[in-house]
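J.: Sequence:
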Amino acid sequence: MSAGLGFGLMRLPKDNESIDLGQTIEMVDGFIDAGFTYFDTAYVYEGSEEIAGKAIVERYPRDRYTMASKMASWKVTPSFTAEDMFRTQLERTGLEYFDYYLIHSLQDGRDKEAEEKGCWKTAARMKEEGKIRHLGFSFHGGPELLDRILSTHPEAEFVQLQINYLDWDNPIIQARENYETARKHGKRIVIMEPVKGGLLASAGKGIIEDGRAPEMALRFAAGLDGVMTVLSGMSNMAQMEDNIRTFTDMKALTDEERKTLSKVVEAIRSEGRIECTSCRYCTKDCPRHIAIPDIFHAVNDLRAFGEHNRPRFFYSSLVSSGKSGRASECIKCGRCSKVCPQHLDIPNLISKASEMLDKAE
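Using my numbering, read the sequence shown as starting at 1 and increasing by one per residue.
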C-alpha cells in the first residue's frame with residue numbers, strides 16, 4: 001500500500017479560542033521527523049493558513065513538506081476576486097507556490113458558482129505561472145455530478161473525497177460510487193474524513209479490540225487503489241503518534257477484520273447516531289448561534305450510553321456560557337442543511353435534540 005498520511009490542519013489544538021502554536025509545532029515536528037510531508041489547509045479554516053506559515057513554512061526548507069490549500073467559491077465577491085483570495089493565501093502562508101491546490105467543497109450549486117466566479121480559470125492561470133503544482137478539487141456531492149465535473153475539467157489531477165468504511169455503502173454520501181467514478185477518470189484520490197470526524201475513533205466498543213478503532217478505519221482508507229494521501233485532522237500529539245504508528249507499519253485489512261467493520265456499521269446504524277463530523281460549516285451563519293455539532297455530540301452520547309448526566313451537564317454548560325443557543329431556539333431557516341457536507345436534515349435533528357436535552361432544563 002502506497003498511500004501516505006496527510007496532516008489535516010482543520011482541527012488543530014487550541015489555547016482558549018486561538019490555535020496553540022506550541023502544540024502545533026510539536027505535532028508538525030513529529031510528523032516531519034517520521035518522514036511524512038503532506039499538509040492540508042484551506043482559506044476558510046480560521047487561523048489555519050497563518051499557523052501553517054509559522055509552524056511549517058518559516059521553520060523548514062521547502063523540500064521538506066508539501067502544502068495543499070483550497071479556494072472557497074462562496075467567499076469570492078466582485079470586490080474580492082478569486083485571484084485576490086489566492087494571493088491572500090500565499091501571503092498568509094508565506095509560500096511562493098502551493099504543491100496541491102483545490103477548488104473547495106464542490107457539490108450541487110457550488111459547481112456552478114465556482115465556474116461563474118472564475119475559480120477554475122484563476123487556478124489554471126496560477127498553475128501556468130508556476131504558483132500551483134497540482135490542481136484538483138474537494139467534493140461532497142454525488143457520482144453523477146462528480147462525473148460531470150471531471151468530464152468538464154480534465155485538467156483536475158486529483159479529487160479529495162470523503163471515504164470511510166461507515167460511508168462506503170451509505171446511499172447519501174455514496175462514497176463507493178464517488179470513488180469508482182474518480183478512478184474511472186483515472187484520477188488520484190486524497191481521502192478526507194477517514195475516521196468520520198472522530199466518530200469512528202470510538203466506534204465498535206465490544207466489537208473492535210480496545211484502542212484499535214482508529215487504526216482499522218485508517219487502514220480501510222489506505223488500502224484502496226489510487227489513494228495517494230489519507231488526511232487525518234489531528235488535534236493532539238497522542239493522535240499523531242497513533243496515526244504515525246499505523247502508517248509506518250501499514251498492513252492490509254484481513255477478511256476477518258473486514259467482517260468486524262461490517263458489524264460495527266450495523267451497530268452504529270442501530271444506535272441511530274447522528275453522523276456529524278464537526279466541520280462546523282453549519283454554525284457560521286446560524287442566526288441563533290446554536291453550536292450544532294456540540295449538541296449532536298451530546299445526543300450521540302446519550303444514545304450510545306443511555307441516560308446519564310454528563311451529556312446534559314455538557315449541554316447546560318454550552319448554553320449558560322453563551323457558547324450556544326438552545327436547541328429549542330432553532331427557527332428552521334435551513335441555512336445549516338444547505339452547507340452540510342453530510343447532507344443532514346439539521347433542523348429536524350435539532351428539534352429531536354431539543355426534545356432530549358431541553359426537557360431536563
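It should be emphasised that the hints constitute simulated quantities derived from the structure, not laboratory data.
Just so you know, even glycine gets a beta-carbon here, dropped at the ideal spot from N, CA and C.
Please note that a few of the clues may not be correct.
Mimicking DSSO-like on lysine-lysine, the simulated pairs with C-alpha atoms at most 27 Å apart in a straight line are [what the hints assert, rightly or not]: (1) Lys205 <-> Lys127; (2) Lys263 <-> Lys205; (3) Lys127 <-> Lys184.
The calculated label-pair distances, taken between Cβ atoms and stated as ranges, are [unchecked claim]: (4) Glu115 <-> Lys184: 32 to 40 Å; (5) Gly35 <-> Phe80: 34 to 42 Å; (6) Lys263 <-> Arg64: 17 to 25 Å; (7) Ser328 <-> Gly186: 44 to 52 Å; (8) Trp74 <-> His289: 13 to 21 Å; (9) Arg125 <-> Gly35: 18 to 26 Å; (10) Pro154 <-> Glu113: 19 to 27 Å; (11) Pro78 <-> Glu257: 37 to 45 Å; (12) Gly35 <-> Arg303: 19 to 27 Å; (13) Ser202 <-> Arg258: 15 to 23 Å; (14) Lys323 <-> Ala201: 21 to 29 Å; (15) Glu91 <-> Arg280: 36 to 44 Å.
J.: Look at each hint and say if it fits the structure.
T.: Verification of the supplied hints:
1. Lys205 <-> Lys127: violated (47 Å)
2. Lys263 <-> Lys205: Since the Cα atoms of lysine 263 and lysine 205 sit roughly 11 Å apart, the hinted pair holds (cutoff 27 Å).
3. Lys127 <-> Lys184: holds (25 Å)
4. Glu115 <-> Lys184: 32 to 40 Å: Violated - the Cβ-Cβ distance for glutamate 115 and lysine 184, about 22 Å, lies outside 32 to 40 Å.
5. Gly35 <-> Phe80: 34 to 42 Å: At roughly 39 Å between Cβ atoms, phenylalanine 80 and glycine 35 fall inside 34 to 42 Å, so the hint holds.
6. Lys263 <-> Arg64: 17 to 25 Å: violated (42 Å)
7. Ser328 <-> Gly186: 44 to 52 Å: Holds - the Cβ-Cβ distance for serine 328 and glycine 186, about 50 Å, lies within 44 to 52 Å.
8. Trp74 <-> His289: 13 to 21 Å: For histidine 289 against tryptophan 74, whose Cβ atoms are near 20 Å apart, the range 13 to 21 Å holds.
9. Arg125 <-> Gly35: 18 to 26 Å: For glycine 35 against arginine 125, whose Cβ atoms are near 34 Å apart, the range 18 to 26 Å is violated.
10. Pro154 <-> Glu113: 19 to 27 Å: holds (20 Å)
11. Pro78 <-> Glu257: 37 to 45 Å: violated (53 Å)
12. Gly35 <-> Arg303: 19 to 27 Å: About 40 Å separates the Cβ atoms of glycine 35 and arginine 303, which means 19 to 27 Å is violated.
13. Ser202 <-> Arg258: 15 to 23 Å: holds (20 Å)
14. Lys323 <-> Ala201: 21 to 29 Å: Taking Cβ atoms as reference, lysine 323 and alanine 201 lie about 23 Å apart, which means the hint holds.
15. Glu91 <-> Arg280: 36 to 44 Å: violated (24 Å)
Checked against the numbered hints listed earlier, the structure breaks hints 1, 4, 6, 9, 11, 12, 15; every other hint is satisfied.
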